[in-house]
Amino acid sequence: MPLRERDPALEEEARIAARLVRGFRAGAEECARCETEMIERYSRGLRCLLARRTGDDERARDLLQETLCIAIEKLRTTPLEKPERLAGYLRGIAVRVAANAGRRGRRESPGLDESTIEATPHEPRRQFQQVASEEARCAVRKVLQSMPVERDRELLIRFYVYDQDKQEICREMGLSSLHFNRVLFRAKNRFKKLLEESAGGADFAPSGGG
Amino acid sequence: MDKKYMELHLAVDRYLQGALSGSELAAFEERLTWDQGLLDDLELAERFRDELREVATERFDAVDDARARIVDWLSKLFYIPQYAAAAAFALAVALTAGLLVGPLGAGRSPDGFHATPTQIVPLLAVRGAAAQSVAFDARSQLVLLVDVTGFHTAYRVSVRADRPGASPFWMQDDMQPTHLESLAVGMPGELLEAGRYVLTVEGVSAAVEGGKTYEHIQEISFESVPAD
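Protein chains in written order, with this note's numbering: chain A, 1 to 210; chain B, 1 to 228.
Treat the hints as calculated values from the structure; they're not laboratory data. The structure presented is a predicted model; accordingly, all values stated were derived computationally and were not measured. A virtual CB, placed ideally from N, CA and C, is assigned to each residue, including glycine. Among the hints, a few may not be true.
As the list claims (entries may be wrong) - Across the chosen pairs, the derived CB separations fall in these ranges:
1) B:Glu-7 / A:Asp-163: 47 to 57 Å
2) B:Gly-18 / A:Glu-150: 24 to 34 Å
3) B:Glu-7 / A:Arg-104: 34 to 44 Å
4) B:Ser-21 / A:Glu-154: 22 to 32 Å
5) A:Val-149 / B:Arg-53: 16 to 26 Å
6) A:Lys-142 / B:Ser-133: 52 to 62 Å
7) B:Ala-135 / A:Glu-154: 30 to 40 Å
8) A:His-179 / B:Ser-23: 20 to 30 Å
With these hints in hand, go ahead and build the complete structure from the sequences.
Written out as structure tokens, the structure reads:
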């Protein structure tokens, strides 16, 4: 998986991360500005990660605040060895916070800094999340109907409904990896376009970059 | 299409499946913290997966409903004793046919038994009425359900084409009424080409010499209409 390959978005992220980490050690004004920027940049992703690990979206909101509090406190006092890996550092804290929350097993206040709580941005619902379930289901049906080959529809069902492994599906159905990738990619893109139409025609945020 | 972008797209699905290895998971989640496009892709893929599951469930439910309706219909049908008996006979015929063309037959499939669809068709003898039409699939096993009267020890049923001088091409002897004076006559559907036929029912009596005598009971005319 080429996630660590150098690409423009990754390089930009490294530059921004290094600047933010340096900012925490600068003057109070710069420190406050960097805190705000860090919260804005990483909150959505961290909350998503926490929600997936805890299975509780509301709890993830609390744990996000706990994660950011720990990170800010540490960054103010201890320099990072690799400032460009701020994202990895934050992810590590979030994983530990989620694990600890799982061990606590109950909702309790982590004793947060109120100023940080207020600074945590409220995540607006993404445009395609606003599309009603029935419309989204209609879009899925249209995607399925638009696929002329029954085998491709079966591929989607096997992968998404039965959670079958890609290699297993390709082997059993005699498909190449490339064909598999294309079917999935096109189906999701078609779904995205249909949701865009349902949501009012405006494009969603472009994929593939930060 | 950007290959790397496509691979990242697929990593989203693998993440949702929980199929990423430890180092892949760490790298993916690290990128997830800042890559808004990846977050969009993840949420979109998750929505697509969830809605697809809903649609698939709807389809399965529809199939289950159809099955439930069929079972309900059959249970009502088989509440009638004659049909219940015929069903038992049809099952026996289907199993026998399965054994013959399945593991014991020369042309059996490597997977084992062939599925043999069975159709149960009541044949009604109404005096003065036109010949009854029987629609069936030639590939199916046919069970003709015939009411009988009288007090014979057994019955013989034969089927012939409805034309002068035609000989029976299907015959079953020593049949016992399955239930309440009803006979279930099983035969391969492929024997009945489109046309008119006569089903003859005879009562069997043991003769003094140890042989059998047959007494004509009734004839039922019917017309075969292949379903397809």
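Against the structure, the hints:
Distance hint for Glu-7 (chain B) and Asp-163 (chain A): a CB-CB separation of about 20 Å, inconsistent with the stated range 47 to 57 Å. Between Gly-18 (chain B) and Glu-150 (chain A) the Cβ separation comes to about 28 Å, which falls inside the hinted range of 24 to 34 Å. Between Glu-7 (chain B) and Arg-104 (chain A) the C-beta distance comes to about 37 Å, which sits within the given range of 34 to 44 Å. At roughly 27 Å, the beta carbons of Ser-21 (chain B) and Glu-154 (chain A) sit within the given window of 22 to 32 Å.
Checking the proposed 16 to 26 Å range against Val-149 (chain A) and Arg-53 (chain B) shows it holds: the Cβ atoms sit about 21 Å from each other. Roughly 43 Å separates the CB atoms of Lys-142 (chain A) and Ser-133 (chain B), a value that falls outside the hinted 52 to 62 Å. Between Ala-135 (chain B) and Glu-154 (chain A) the beta carbon distance is about 33 Å. The supplied range of 30 to 40 Å therefore holds. Checked against the hint of 20 to 30 Å, the C-beta distance between His-179 (chain A) and Ser-23 (chain B) comes to roughly 28 Å, which is consistent with it.
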